[in-house]
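Chemist: Can you build the whole structure from these sequences, using the hints too?
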Amino acid sequence: MAETPLTQNIQPDREPLALRDYQRAGGYQALRKALQEMDPQRIIAVVKDSKLRGRGGAGFPTGTKWSFVPQGEDAPQRKYLVANADEMEPGTFKDRLLMEGDPHQFVEALIISAYAIGAQTVYIFLRDEYRLAARHLERAIHEARAADLLGRDILGSGFAVDLHIHTSAGRYICGEETALLNALEGRRAIPRAKPPYPQQAGLWGWPTVVNNVETLCNVPHIVNRGAEWYRKLSRTEDGGTKLFGVSGHVNRPGCWELPMGTSMRELLEEHAGGMQAGYRFRGVLPGGGSTPFLVAEHLDLPLDFDHLAQAGSRLGTGTMVVLDDRTSLLGFLGNLEHFYAQESCGWCTPCRDGLPWVERVLAALARGEGQPGDIEMLHRHTRFLGPGKTFCAHAPGAMGPLESALKYFPEDFEAGIRQPVRTTLEAG
Amino acid sequence: MLSDEERRAIETEMSRYEHKRAASVDALKIIQRHRGWVDDAALRDAAELLGGSPAELDGVATFYNLIFRHPVGRHVILLCDSISCWICGYEPVHRELRERLGIAMGQTTPDGRFTLLPTACLGACDGAPVLLIDDDLHRNLTPGCLDTILANYD
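In order, the protein sequences belong to chains A and B. Numbering-wise (the working numbering), the first sequence opens with residue 135 and increments by one. Numbering-wise (the working numbering), the second sequence opens with residue 23 and increments by one.
No lab work stands behind these hints, which were simulated from the structure alone. Certain hints may be false.
If the Cβ cut is set under 10 Å, some of the chain A residues that face chain B in the computed set are [said to hold, decoys possible]:
no.	residue
1	Gln145
2	Tyr257
3	Gly423
4	Gly465
5	Phe466
For every residue, glycine included, the Cβ atom is placed at its ideal position computed from N, Cα and C.
Modeler: Laid out in structure tokens, this is it:
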């Protein structure tokens, strides 16, 4: 059996481990080790060496991100760590599992990560709908505080950190890291210009690291077992295990912790149990609603950041949505683009105006009422709303599935163009 | 007018941030927890407490889909309409729900029992289609199971 460090304590339909049981299972040993044996620079070096990459969608190397935080005497003395727990990428349900299932693992990860970057305050930016996760986290934080694992003088080390849960109030854009910072400051969640990057000037202008929940949950295990062990969990160059999920018309939709580099075929057929009877595989969004389609020819690709990028898609959040032959492709895309149009923050024009236009054209095509030129118009939008044309990655993300669908399934679009009505004079 | 309880709860939230304005969303949610929605008078008071203008706070309130600036029913149903739920049977569930309740999306039943709202991906796609009522997530919905679910909410 392959090792599954992130989910080893998680059993479905069972309450998560309370502090005592979590410690009995080896919990908070990494925190002890970090505080007693490792200086912050050493932890950053180990995380870099582990080849851990961000699990929230962008895949940026975590240790490198941490190393951008200014350190030393001349650096700003206040720093923040923010956990992005605003899981809202369509088709994504992995961070929920980690927070509901093993909240102490997440709390321990936050304390160690705060120590590594020198943060005195941590916020968990949690989406409002994750009510059970909030309850479990509150309990874990309370237990950790009472046991001196969190607060002023953690385990007698002199290190102090404060941990708060901020429950949000909806809107997908809050998951964009700079929009998230505005949301935390009590403003409208509109993305900020980069640079400056949050590591230099984030929350209230102080150096801030924003990491995804799953990313952070890897940290205690890397500290405990070392970078080499972590790299070897993976079958490819990117380190570690990954929470992979599958939804759509498969036999066993679900979420599994598997080695990074597991093939899409293994995930779909062995873990998700293959397609439901009567449904045939047509394509897949490999890592949530904003990752471009892959098709049958890609099924044997190892699921990791580089392989999927080479195939023209992205690993994203690692939770895939399957398109089958009985689901309308235009309906599928229409649903996605409706989501992106609705969730646009409205700040920049291409996104605010372009996405509803795309949504309307897709709806017309789905009704068989498309006009000549509509397909070309969709192609143009994939460029006008693509990378570099908008303020943040929201609209380019929305164009990923559309652009790839135009490439792999052109016949579906062509079938949506209204045929000219033939008059009786022309007929026969 | 904010009640003493609301005011105290908002002040506790303000203490958790470097600047008190950061507690804007927390304040709106506290008001909503007490009143079901955010009325103009409470919004004005909260803005004063947070050190900003009512217009600014309203700008924040109206950005978020889960802050209600209109009264809602005793129970709010958030029906997920994102991709995995859509693939797995959102439409028949939506149709049945509308018929059972006799209201469209965004409306409240005349008896004030339910408000029906669409929501973006609820992050439970392995149980699609799903909906959230108050704090409870209901998974693997079919049109036939809605009666039993709704009966739990008075």
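Chemist: Would you pick out the hints that fail for this structure and give their numbers low to high?
Modeler: 1
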